[in-house]
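**Student:** The lines below spell out each chain.
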Amino acid sequence: MPSAGAPTAAPKRGGRRMRPSRLLFVVITVGLPMVLYLGLVIWPFLQAIYYSLTNWGGFSSSMDFIGLDNYKQIFGDDVFMKALRNNVILAILVPLVTVVLSFVLATMVTVGGSTTGAVRGLKGSNIYRVVSFFPYTIPAIVIGLIWAQMYDPSKGIVNGILTHLPFGLGDRFNSFAWLGETATAMPASIFVIVWGFVGFYMVLFVAAIKGIPAELYDAARIDGAGRLRTMFSVTLPMIRETVQTAYIYLGVLALDAFVYMAALNPTGGPDNSTLVMSQDLFKTAFSQGQYGRASAMGVVLAAVTLLFAALVFGVNRLLGGKADK
Amino acid sequence: MSAVSTKTPQSDGPQEERKRERGDLGILIGSHVVLICWSLIVVLPLLWTLFSSAKTTGEIFSGPFTMPHDIIGTLKDNFSSAWNDSHLGRYLLNTVIVVGIALALVMALGSMCAYTLARFPFPGSRAIYYLILAGNTFPIFLAIVPLFFVLKNVGLLNSLPGLILTYVAFAFPFTVFFLYPFFRALPAEIGEAAELDGAGDWRTFVQVMLPMARPGIAAVTIFNFLGLWNQFLLPVALNTDEKNYVLSQGMANFASSAGYEVNFGALFAGVVITVIPVLIVYVIFQRQLQGSLSAGTMK
Chain F
1 MPSAGAPTAA
11 PKRGGRRMRP
21 SRLLFVVITV
31 GLPMVLYLGL
41 VIWPFLQAIY
51 YSLTNWGGFS
61 SSMDFIGLDN
71 YKQIFGDDVF
81 MKALRNNVIL
91 AILVPLVTVV
101 LSFVLATMVT
111 VGGSTTGAVR
121 GLKGSNIYRV
131 VSFFPYTIPA
141 IVIGLIWAQM
151 YDPSKGIVNG
161 ILTHLPFGLG
171 DRFNSFAWLG
181 ETATAMPASI
191 FVIVWGFVGF
201 YMVLFVAAIK
211 GIPAELYDAA
221 RIDGAGRLRT
231 MFSVTLPMIR
241 ETVQTAYIYL
251 GVLALDAFVY
261 MAALNPTGGP
271 DNSTLVMSQD
281 LFKTAFSQGQ
291 YGRASAMGVV
301 LAAVTLLFAA
311 LVFGVNRLLG
321 GKADK
Chain X
326 MSAVSTKTPQ
336 SDGPQEERKR
346 ERGDLGILIG
356 SHVVLICWSL
366 IVVLPLLWTL
376 FSSAKTTGEI
386 FSGPFTMPHD
396 IIGTLKDNFS
406 SAWNDSHLGR
416 YLLNTVIVVG
426 IALALVMALG
436 SMCAYTLARF
446 PFPGSRAIYY
456 LILAGNTFPI
466 FLAIVPLFFV
476 LKNVGLLNSL
486 PGLILTYVAF
496 AFPFTVFFLY
506 PFFRALPAEI
516 GEAAELDGAG
526 DWRTFVQVML
536 PMARPGIAAV
546 TIFNFLGLWN
556 QFLLPVALNT
566 DEKNYVLSQG
576 MANFASSAGY
586 EVNFGALFAG
596 VVITVIPVLI
606 VYVIFQRQLQ
616 GSLSAGTMK
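Line order of the protein sequences matches chains F and X.
Letter by letter, the first sequence follows residues 1 to 325 in the numbering used here.
Letter by letter, the second sequence follows residues 326 to 624 in the numbering used here.
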């Protein structure tokens with residue numbers, strides 16, 4: 001007979017006694033990584049909250065408890081508020097554009113083929129999938145650097161192509177500074193992030209769509225549903241969870257956005273039009289040494305991130321999604 | 326899946342059917358056009374980067390379509406300049422060391438922890454599991470200032486071991502989160518059988534359970550590899566000693582530090598050096614990678 005500590009078919013919780021060798025196993029396998037995790041992740045998280053309530057850095061090197069003063073300061077700071085606003089814009093637009101675009105591309109790849117006969121994808125769809133995924137393998141900083149060069153007013157290829165537009169349309173792109181104009185800096189940066197992620201989510205959606213039983217499509221078709229109808233009434237509801245996950249990941253990423261913005265517009269763009277909270281935080285901490293205030297920015301960033309995730313869960317639930325498992 | 330319904334609904338007359346087929350053709354062509362356009366948007370910047378890495382800075386400044394004069398010579402100059410003068414060779418080595426060790430460590434620690442939490446619940450194990458999940462939700466930015474001082478206090482700031490440990494700690498929650506369901510799904514009878522055969526916990530884990538969770542482990546390894554290879558914030562904040570730079574950091578430095586004197590030809594060569602190895606690995610392993618993505622969505 002296996003000893004008392006052996007797992008049964010459905011491992012039960014509770015404090016049954018383990019034999020010493022198993023106890024040692026559990027202590028090592030859980031304890032060892034947890035020491036590292038607590039020390040380098042959880043502890044800094046907790047400390048950040050405390051730092052945010054102190055005046056550490058700035059004019060004195062002492063650390064006094066000052067309550068919510070840092071928060072009052074950053075919420076009264078136009079630059080930080082602008083960065084916060086930019087982050088919110090990013091968190092709305094980046095997931096929206098990326099998810100819609102990758103969903104459409106994934107649908108085309110998987111069910112874009114003939115409507116007669118079995119559901120089938122496009123010929124050569126594998127090539128599209130492989131190619132679209134390329135950007136995901138490129139480090140984000142390099143994506144930023146490539147596009148900073150692409151957008152360059154005179155030597156970049158974006159203007160190089162656009163200046164060739166017919167009917168005098170091309171003239172306006174002569175030396176147009178995509179990242180140097182307040183009106184275009186943000187949209188151009190959003191496009192870069194979308195460019196980097198569409199392929200990944202397209203592949204993710206393709207995998208999810210392929211998991212949908214073919215009978216569902218057949219049934220929808222017999223009921224006379226057209227393609228658009230099938231897309232919204234069969235595909236989308238069936239991969240709802242995947243879309244939600246994608247939305248949250250992309251939103252969290254857009255709320256950081258540090259690496260892209262650091263590569264595209266290290267100084268925050270014209271009139272701070274692309275400045276994000278993470279850049280402001282980094283500067284406040286590591287250039288100005290105002291660790292207390294920077295930590296308060298970190299807490300705000302974390303709060304916005306959690307709020308965003310809660311919002312996505314809430315909306316998904318309102319729209320009739322499953323409650324969490 | 327094939328031949329489930331080779332006939333369209335009977336109610337459709339032949340005319341309907343013809344119309345539908347014509348519509349099919351339109352959508353078929355439309356889909357191809359859209360997908361080809363997107364593929365071009367993806368590939369053109371990469372080809373242009375490659376093309377520009379064969380140009381001198383002067384040629385780059387004279388316009389995006391200027392042909393390079395001496396392709397082989399300039400390529401050689403640019404790549405040797407990026408590799409040697411800008412130290413990308415050293416940064417690449419640092420990256421390989423840091424990512425390689427961190428990846429091995431986090432996979433070992435993460436799978437051990439996920440296995441135990443999934444299979445040997447003990448009082449408090451649930452709380453530990455949720456504590457680990459919480460690590461996925463908070464942005465690294467929240468921790469970065471204290472992290473800086475934690476590493477400083479233990480003397481690991483600006484060192485490769487410090488960077489490795491940080492990488493491991495921050496990749497750990499995702500690893501556990503992803504592997505937990507895989508270990509949970511393994512039938513308990515197998516563990517019992519191994520035990521009856523006299524295998525200890527370690528042996529059961531390494532020789533029986535790990536191989537059975539292989540699809541999950543492969544998927545997390547790939548994700549962690551890409552994530553760690555691309556990591557930017559942690560090295561930029563915690564590893565400011567120039568000789569310890571990793572590739573992503575070195576590239577950013579390369580692009581910004583020299584100001585107007587940037588050797589753009591070499592910059593493009595540097596981008597190519599950074600991108601090519603991973604791209605090659607991806608093209609070889611893309612089947613597994615895409616498979617692992619579906620493993621992740623279908624659990």
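None of these hints come from the bench; they were simulated from the model.
Model, not experiment: these values are computed from the prediction.
Be aware that a few hints might be false.
[Stated by the list, open to error] Quick partial rundown of chain X residues pointing at chain F, CB under 7 Å, derived from the structure:
| # | residue |
| --- | --- |
| 1 | Ile-354 |
| 2 | Ser-356 |
| 3 | Val-358 |
| 4 | Cys-362 |
| 5 | Trp-373 |
| 6 | Phe-376 |
| 7 | Thr-381 |
| 8 | Gly-383 |
| 9 | Val-470 |
| 10 | Asn-478 |
| 11 | Leu-481 |
| 12 | Leu-482 |
| 13 | Phe-557 |
| 14 | Ile-601 |
[What the hints assert, rightly or not] Derived CB-CB ranges, DEER-like:
| # | chain 1 | residue 1 | chain 2 | residue 2 | range |
| --- | --- | --- | --- | --- | --- |
| 15 | F | Glu-181 | X | Thr-462 | 23 to 31 Å |
| 16 | X | Ile-609 | F | Leu-307 | 17 to 25 Å |
| 17 | X | Ser-484 | F | Leu-46 | 36 to 44 Å |
| 18 | X | Trp-527 | F | Gly-226 | 17 to 25 Å |
| 19 | X | Ser-581 | F | Pro-153 | 24 to 32 Å |
| 20 | F | Trp-43 | X | Val-608 | 35 to 43 Å |
Every residue gets a Cβ at the ideal spot worked out from N, C-alpha and C, and that includes glycine.
**Student:** Next, verify each hint and record whether it holds.
**Tutor:** Hint check:
1. Ile-354: 10 Å, violated
2. Ser-356: 4 Å, holds
3. Val-358: 10 Å, violated
4. Cys-362: With Cβ-Cβ at 10 Å, over 7 Å, it is violated.
5. Trp-373: Holds. Min distance 5 Å.
6. Phe-376: 9 Å, violated
7. Thr-381: 12 Å, violated
8. Gly-383: 11 Å, violated
9. Val-470: 5 Å, holds
10. Asn-478: 11 Å, violated
11. Leu-481: Violated, about 10 Å.
12. Leu-482: Violated, about 12 Å.
13. Phe-557: 4 Å, holds
14. Ile-601: 10 Å, violated
15. F:Glu-181 with X:Thr-462: 23 to 31 Å: 36 Å, violated
16. X:Ile-609 with F:Leu-307: 17 to 25 Å: 42 Å, violated
17. X:Ser-484 with F:Leu-46: 36 to 44 Å: 24 Å, violated
18. X:Trp-527 with F:Gly-226: 17 to 25 Å: Because 58 Å falls outside the window, the suggested range is violated.
19. X:Ser-581 with F:Pro-153: 24 to 32 Å: 18 Å, violated
20. F:Trp-43 with X:Val-608: 35 to 43 Å: Distance hint for Trp-43 (chain F), Val-608 (chain X) holds at roughly 41 Å.
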